[in-house]
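If you read the sequences in order, they're chains F and W. So the first sequence is residues 292 to 736, counted in the numbering used here. So the second sequence is residues 286 to 621, counted in the numbering used here.
Misleading hints may appear alongside valid ones.
What the hints assert, rightly or not - Chain W side only, calculated, beta carbon under 10 Å to chain F, not exhaustive:
(1) Phe457
(2) Thr571
(3) Arg606
(4) Ser610
Stated by the list, open to error - When the alpha-carbon atoms are kept at most 27 Å apart in a straight line, the in silico DSS-like pairs for lysine-lysine are as follows:
(5) Lys516/W x Lys338/F
(6) Lys418/W x Lys381/W
(7) Lys712/F x Lys516/W
(8) Lys706/F x Lys398/W
(9) Lys327/F x Lys516/W
(10) Lys389/F x Lys338/F
(11) Lys569/F x Lys560/W
(12) Lys437/F x Lys466/W
(13) Lys524/W x Lys569/F
(14) Lys659/F x Lys373/W
(15) Lys373/W x Lys320/F
(16) Lys659/F x Lys516/W
(17) Lys499/W x Lys557/W
(18) Lys338/F x Lys373/W
(19) Lys706/F x Lys687/F
(20) Lys515/W x Lys712/F
(21) Lys515/W x Lys458/F
Said to hold, decoys possible - Taking CB as the label site, the calculated pair distances span:
(22) Lys688/F x Ala487/W: 39 to 49 Å
(23) Lys590/W x Met714/F: 25 to 35 Å
(24) Lys383/W x Glu490/F: 45 to 55 Å
The set of hints was computed from the structure by calculation and includes no laboratory data. Since the model is a prediction, treat every value here as computed from it, not as a measurement. Every residue gets a Cβ at the ideal spot worked out from N, C-alpha and C, and that includes glycine.
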Amino acid sequence: MAFESLSDRFQNIFSGLRKKGKLSEADVKAAMREVKMALLEADVNFKVVKQFVNSVKERAVGVEVMESLTPGQQVIKIVNEEMIKLMGDDNQDLTFSKEPPTIYMMVGLQGAGKTTSSAKIAGLLKKKGKNPLLVAGDIYRPAAVKQLQVVGEQLDVPVFEMGTNNKPVDIAKAAIEYGKKNNNDVIIIDTAGRLHIDEKMMGELVEIKEQVKPFQILLVVDSMTGQDAVNVAESFNNQLEIDGVILTKLDGDTRGGAALSVKAVTGKPIKFACVGEKLTDVEVFHSDRMASRILGMGDVLTLIEKASENIDEAKAKEMERKLRKAEFTFDDFLDQMQQLKSMGSINDLLGMIPGMGKQMKNVQIDDKEIAKMEAMILSMTNEERANPDLINPSRKKRIATGSGNDIGAVNRFIKQFHQSKQMMKQMGGMMKGKKGRNGMMNLPF
Amino acid sequence: MKEKSQINGELQTNEELQTNNELHMNKNEDKKKGFFSKLVIGLSKTRDNLIGGVENVLNSFITIDEEFYEELEEALIMADLGVNTVLKVIEDLRVKVKEQKLTSTEEVRELLKNELKSLMLVNEDAYDFVDQKTVLLVIGVNGVGKTTTIGKLSNQYKLAGKTVMLAAADTFRAAAIDQLKVWANRSGVPLIAQSENSDPGAVVYDAIQSAKAKNTDILICDTAGRLHNKKNLMDELHKIYRIIEREYPAAHKEVLLVLDSTTGQNAVQQAKLFKETADITGVVLTKLDGTAKGGIAIAIQSELKLPVKYIGVGEGIDDLRPFDSNDFIDALFNIT
């Protein structure tokens with residue numbers, strides 16, 4: 292698994308660099324080599340990687356190493372901060388023109404997810420109390436108009452279409468008129484997917500832009516895109532002057548380096564991330580989550596963050612000791628679940644945790660399941676949480692009733708708890724075997 | 286040496302390279318007709334990018350030194366071959382250069398070409414399924430071009446004199462059935478479909494019974510795009526595969542994984558996980574008419590031994606072509 296080799300390599304940086312003081316050029320160079328590889332494996336464009344690595348190198352040399360970090364960790368911390376900064380640290384929400392209707396135009400390659408994204412944005416707007424209109428401007432792909440109509444119906448958002456025999460620019464113009472008459476304050480124009488080097492098709496977009504003067508043009512980019520992302524983004528931006536980016540299919544397991552590439556070459560904000568097949572699966576883009584995903588170091592970053600915030604190391608050591616001795620309680624379990632939940636989808640997180648890859652490969656955890664588990668723990672008494680062995684059949688029955696589950700679910704959960712306790716014990720041992728590093732590195736979360 | 290290559294890299298913009306290549310191609314166009322030159326033209330963009338870089342490196346270095354290998358490495362990474370594959374290719378190259386005591390970059394170019402060719406070899410029997418009773422299952426993540434690929438394939442098989450049937454087993458995406466219907470009408474082949482959100486397994490079951498009854502040569506099953514890390518959706522796909530195995534054991538099972546050539550390293554992961562679900566027999570590499578390098582196909586072939594069987598080089602109905610590793614690599618490098 293790609294993740295394993297990667298996190299192993301990062302672990303090596305940490306064990307290799309132990310001394311304190313200022314970051315030397317050698318420290319930075321060693322760490323940056325690994326960072327470079329990580330970024331390349333995450334599909335960040337080679338030129339972007341080079342540029343990024345160089346600028347971070349300059350910033351990092353001579354920086355004081357924090358007491359709680361190793362030099363390697365200090366470099367990663369700087370890398371992470373710079374990456375977040377580069378991808379835009381302010382949350383980008385949708386804005387509206389002073390004079391309605393606000394016109395959005397969606398553009399991108401074939402199969403990037405424009406139609407679905409258009410619908411998702413319309414859904415968001417509707418929730419905000421807007422009255423959006425979707426416009427079917429893809430007259431080329433068979434049944435594209437129908438697709439927009441179907442999703443429009445699911446959202447109860449009107450769809451303007453003129454079949455496939457009119458020019459997209461005429462459809463767009465007619466749609467604006469229609470929207471004005473029908474009090475649609477936001478108009479979203481879906482367009483056909485096209486290659487950025489197809490002059491004729493790109494010309495069509497330019498014409499629409501000139502004729503309807505959209506308030507914003509959003510480029511839809513598949514998060515799985517490889518090195519070519521820069522060419523696509525640059526080309527669309529040069530010809531259309533885009534205003535923002537929507538990143539799709541982030542519910543996959545791609546590391547999503549395209550996000551960094553696109554941002555680096557266009558300078559335009561990434562506004563939304565699409566994270567699932569349901570029409571509500573769209574969220575505001577978080578550059579910090581994306582940075583850790585691209586770097587592929589899940590817990591390492593969290594640990595660095597925590598360590599640099601000077602969180603009580605004694606507490607962390609205590610947790611680590613508990614894990615290794617398998618004294619892990621339901622309270623700890625609840626604690627960790629809640630921490631995890633605040634960081635995003637459990638499945639994504641699990642995948643990102645170095646070393647977890649193999650064990651968790653076939654485990655699918657539903658976020659709903661987590662909610663269930665939480666309910667079960669909350670239905671336990673304090674004694675039961677602290678001492679899981681206390682739980683007998685009659686207590687189980689009470690827990691089941693209290694949490695609204697059947698007794699089978701409670702049984703399964705308790706069994707799972709013991710299994711994961713066992714697993715953590717093993718992991719604690721495993722990581723200890725690799726030795727080195729400060730104590731906190733042994734925490735699985 | 287470094288100076289020279291950098292200057293070269295900066296001065297020769299993509300545009301210039303393109304014109305150069307176009308000139309070459311115009312000359313060749315008259316001489317070479319048919320499939321080969323068509324492939325070259327279709328791949329010209331790919332060529333500019335993949336070998337634009339590699340050629341650049343090969344041309345700007347005279348001696349084989351560390352610097353040369355590094356630049357070559359970079360050029361290949363830019364082509365989406367992936368770090369692992371590139372390291373492997375370069376390592377092999379180093380060993381062979383030493384063994385054969387090669388001294389010029391020109392010789393290395395031939396060697397590299399042969400290395401990549403040997404990686405991308407397709408078995409001679411790769412297309413035998415076309416002449417058998419076959420159930421062809423088309424799978425892949427969302428938006429790679431599964432339905433379009435099916436449209437083009439059905440047309441080609443029909444023109445080759447085969448009886449073809451389509452099964453609309455993408456019952457999930459809005460209007461996917463309608464999209465396939467349009468393609469079925471274009472190629473004049475029957476389509477088996479149920480309503481949206483019906484069980485895709487049932488659609489495939491129906492289609493198999495119908496294909497058997499009508500003695501259809503090739504039954505092509507469309508499936509919904511799914512991300513490979515969604516266990517429930519992959520289970521659903523596995524179920525479809527099992528239905529085909531169980532209901533039509535006599536048929537050849539051809540499973541084509543469709544990959545978007547703009548996809549980066551994640552394509553390897555896609556191929557790995559889809560392979561666990563259904564026994565993939567080949568890869569279709571789509572959208573090669575863009576500027577994407579499609580180098581990921583080399584990584585997939587090298588790591589998973591999955592041969593590319595078709596490539597998509599345009600929107601036209603016959604812009605989906607059988608893949609040939611020799612032609613592919615030759616076209617990528619140069620023709621003369």
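Which numbered hints fail: Structure breaks hints 3, 4, 5, 6, 8, 9, 10, 14, 17, 21.
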